[in-house]
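Protein chains: 2
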Amino acid sequence: MKKIINEPADVVVEALRGLGLAHADLLRVGFDPEVVVRVDAPRPGKVAVVSGGGSGHEPLHGGFVGRGMLDAACPGAVFTSPTPDQIQAAVSQVDGGAGVLLLVKNYTGDILNFETAAELLAAEGVDVRTVVIDDDVAVQDSLYTAGRRGVGGTVLVEKIVGAAAEEGAGLDVCERLARVVVANTRSMGMALTAPTVPHVGDPSFTLGADEMEVGIGIHGEPGRRREPLADATGIVAGLLDPILSDLPFTVEDRILLFTNSMGGTPLLELYLAHGIAEEALARKGIRVERKLVGPYVTSLEMQGMSLTLLRLDDELVRLWDAPVHTPALRWGA
Amino acid sequence: MKKIINEPADVVVEALRGLGLAHADLLRVGFDPEVVVRVDAPRPGKVAVVSGGGSGHEPLHGGFVGRGMLDAACPGAVFTSPTPDQIQAAVSQVDGGAGVLLLVKNYTGDILNFETAAELLAAEGVDVRTVVIDDDVAVQDSLYTAGRRGVGGTVLVEKIVGAAAEEGAGLDVCERLARVVVANTRSMGMALTAPTVPHVGDPSFTLGADEMEVGIGIHGEPGRRREPLADATGIVAGLLDPILSDLPFTVEDRILLFTNSMGGTPLLELYLAHGIAEEALARKGIRVERKLVGPYVTSLEMQGMSLTLLRLDDELVRLWDAPVHTPALRWGA
Numbered sequence: 002m003k004k005i006i007n008e009p010a011d012v013v014v015e016a017l018r019g020l021g022l023a024h025a026d027l028l029r030v031g032f033d034p035e036v037v038v039r040v041d042a043p044r045p046g047k048v049a050v051v052s053g054g055g056s057g058h059e060p061l062h063g064g065f066v067g068r069g070m071l072d073a074a075c076p077g078a079v080f081t082s083p084t085p086d087q088i089q090a091a092v093s094q095v096d097g098g099a100g101v102l103l104l105v106k107n108y109t110g111d112i113l114n115f116e117t118a119a120e121l122l123a124a125e126g127v128d129v130r131t132v133v134i135d136d137d138v139a140v141q142d143s144l145y146t147a148g149r150r151g152v153g154g155t156v157l158v159e160k161i162v163g164a165a166a167e168e169g170a171g172l173d174v175c176e177r178l179a180r181v182v183v184a185n186t187r188s189m190g191m192a193l194t195a196p197t198v199p200h201v202g203d204p205s206f207t208l209g210a211d212e213m214e215v216g217i218g219i220h221g222e223p224g225r226r227r228e229p230l231a232d233a234t235g236i237v238a239g240l241l242d243p244i245l246s247d248l249p250f251t252v253e254d255r256i257l258l259f260t261n262s263m264g265g266t267p268l269l270e271l272y273l274a275h276g277i278a279e280e281a282l283a284r285k286g287i288r289v290e291r292k293l294v295g296p297y298v299t300s301l302e303m304q305g306m307s308l309t310l311l312r313l314d315d316e317l318v319r320l321w322d323a324p325v326h327t328p329a330l331r332w333g334a
Numbered sequence: 002m003k004k005i006i007n008e009p010a011d012v013v014v015e016a017l018r019g020l021g022l023a024h025a026d027l028l029r030v031g032f033d034p035e036v037v038v039r040v041d042a043p044r045p046g047k048v049a050v051v052s053g054g055g056s057g058h059e060p061l062h063g064g065f066v067g068r069g070m071l072d073a074a075c076p077g078a079v080f081t082s083p084t085p086d087q088i089q090a091a092v093s094q095v096d097g098g099a100g101v102l103l104l105v106k107n108y109t110g111d112i113l114n115f116e117t118a119a120e121l122l123a124a125e126g127v128d129v130r131t132v133v134i135d136d137d138v139a140v141q142d143s144l145y146t147a148g149r150r151g152v153g154g155t156v157l158v159e160k161i162v163g164a165a166a167e168e169g170a171g172l173d174v175c176e177r178l179a180r181v182v183v184a185n186t187r188s189m190g191m192a193l194t195a196p197t198v199p200h201v202g203d204p205s206f207t208l209g210a211d212e213m214e215v216g217i218g219i220h221g222e223p224g225r226r227r228e229p230l231a232d233a234t235g236i237v238a239g240l241l242d243p244i245l246s247d248l249p250f251t252v253e254d255r256i257l258l259f260t261n262s263m264g265g266t267p268l269l270e271l272y273l274a275h276g277i278a279e280e281a282l283a284r285k286g287i288r289v290e291r292k293l294v295g296p297y298v299t300s301l302e303m304q305g306m307s308l309t310l311l312r313l314d315d316e317l318v319r320l321w322d323a324p325v326h327t328p329a330l331r332w333g334a
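Protein chains in written order, with this note's numbering: chain Y, 2 to 334; chain A, 2 to 334.
It is worth saying that the hints were derived from the structure and are not from the lab. Be careful, since some hints might not be right.
Copies of one chain are not kept apart here, so a pair can be met inside one copy or by any two copies together.
[As the list claims (entries may be wrong)] Each computed DMTMM-like pair below joins lysine to aspartate or glutamate, with the alpha-carbon atoms no more than 20 Å apart:
1. Lys285 / Asp26
2. Lys3 / Asp128
3. Lys3 / Asp314
4. Lys285 / Glu120
5. Lys292 / Glu316
6. Lys3 / Glu125
7. Lys292 / Glu253
8. Lys285 / Glu316
9. Lys292 / Asp26
10. Lys285 / Asp254
11. Lys292 / Asp242
12. Lys292 / Asp128
13. Lys292 / Asp254
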């Protein structure tokens, strides 16, 4: 295993220490349990937007804590759900009395632990709602899920709901918006190589030199099929076609196209793939009105990419464009 | 070779097409020859800041074209200098009549081609100056350089000079600032794995499973020494110590610390390393006043990192903080 780490057991805590030092103007990191919270939380009267999940997907979620996006993130161990006490601790530090929205990626462990935390919080009198993100069209059930997995679309949900909460929208509106974004978002990913979890030490799976995994999850879990390596045009079509037919997206739809690196794929390849996807959508008469390109929902050093499409309306465009100031997404502020 | 590409010969052109589509609000991409220029260029009366170099280091340089940074970038083939005609074409599209500053990383091919272009431009009556960036303390001469290589510090030079030019500073001031930043910047990098150049198809070098290359260049060219793999604390110390003793940086110095991923190293590891570096500097009494963490000067999918330190003064802090709006760096605008 070749990584820039000290003891594998300390990776998450040491990385959080670095995150906190690098972005002390935006967030503070708590330990015991580990939480990442906005530096100005709690904000009285503001709906608190909280997410979390296993580490290893950076910048998700801690890199999205800040003005106009998340109030707190709960980082679990690598590829492992945060615990209920982490989620409770995060909520208690950011709850401004206007309710709390938990944004949860659909994985069995995450669902269970966020649900437990939500019950405990409700018993304390916190108005807490949960929206589950399940945008991955690749597989119906998977190694870690009943139903579809939550993947790249998570960033879009967090940005749009975070913008609404920042503007002062109430809990009902924030919850509705989260459900609207989830309902209109579809993703699919693929990988060329496997990630290595630090405390495991070996690659999560093996792929032949001429193979790729199509429909892979963000923990390296199996996708739809293992295929001979295709060229970029073939790879993009193999992701785009199942996404388009699923919602379905149709002629004249306005969309946000998010081309995401799984971590180890360089920007040179990612922009190349993005261009192919944009041109393919233009040929189908689908209007790409907003774009996001970069490594935002990763799987450690895994080489690969995902595409996410969100069907836009005027409200979603406005909230996407609204100011955001976090370590990983920043504009208008 | 596992990459998301079509024909290896088309990688740069196709990636530029994607860059242009993704960021049409900021820049436009020209072909024949390939150039990336600000969408609002030329700006009459503004010094034009132009850089460029081999592709494969993205987001450098095209990702830094936009308001408050570069007016144009000239992307060469992967790990290959841009040609004089590319540089001339870029300058001719952004020259606003107030002079042109060429920011050139110190590699033999780049120096030669930018020099040729500068002579041709001067003959046309353009007031063109060149500042060479050579911040890498690892080796004095190298496979591709006489003198030190230009590496991570390039981003800092481009940001600070770009901010001055945006404010209306004249060519003399911009040139002086570039020289000040170069004089006060030092970098060093290391790698765990090798990059694969698309048109070559094999890794640029081989490293054993327990080896790392310390002092590596951004083309995978050899560094100071090949060593047994160290832990993160050892890796950071191995980069920081030669940097600190070189300028030298001393107690009470105010610095910008830039922790850079070589491309394939995930953010989890990068933040971990950044935290170790910040804590080490604090123990030495050096004040880390600004930070930048991310993959900004890369070597395709190479796993590894570099550290760059810039000694700050009030003027440099102000220009670093000034608004910037490019694909890869954006704040205050």
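Hints versus structure:
| no. | hint | in the structure |
| --- | --- | --- |
| 1 | Lys285 / Asp26 | neither (44 Å within a copy, 23 Å between copies) |
| 2 | Lys3 / Asp128 | neither (45 Å within a copy, 49 Å between copies) |
| 3 | Lys3 / Asp314 | neither (45 Å within a copy, 38 Å between copies) |
| 4 | Lys285 / Glu120 | neither (46 Å within a copy, 48 Å between copies) |
| 5 | Lys292 / Glu316 | within (16 Å within a copy, 35 Å between copies) |
| 6 | Lys3 / Glu125 | neither (45 Å within a copy, 52 Å between copies) |
| 7 | Lys292 / Glu253 | within (17 Å within a copy, 43 Å between copies) |
| 8 | Lys285 / Glu316 | neither (24 Å within a copy, 51 Å between copies) |
| 9 | Lys292 / Asp26 | between (27 Å within a copy, 11 Å between copies) |
| 10 | Lys285 / Asp254 | within (10 Å within a copy, 57 Å between copies) |
| 11 | Lys292 / Asp242 | within (18 Å within a copy, 41 Å between copies) |
| 12 | Lys292 / Asp128 | neither (34 Å within a copy, 38 Å between copies) |
| 13 | Lys292 / Asp254 | within (15 Å within a copy, 41 Å between copies) |
Checked against the numbered hints above, the structure breaks hints 1, 2, 3, 4, 6, 8 and 12 and satisfies the rest.
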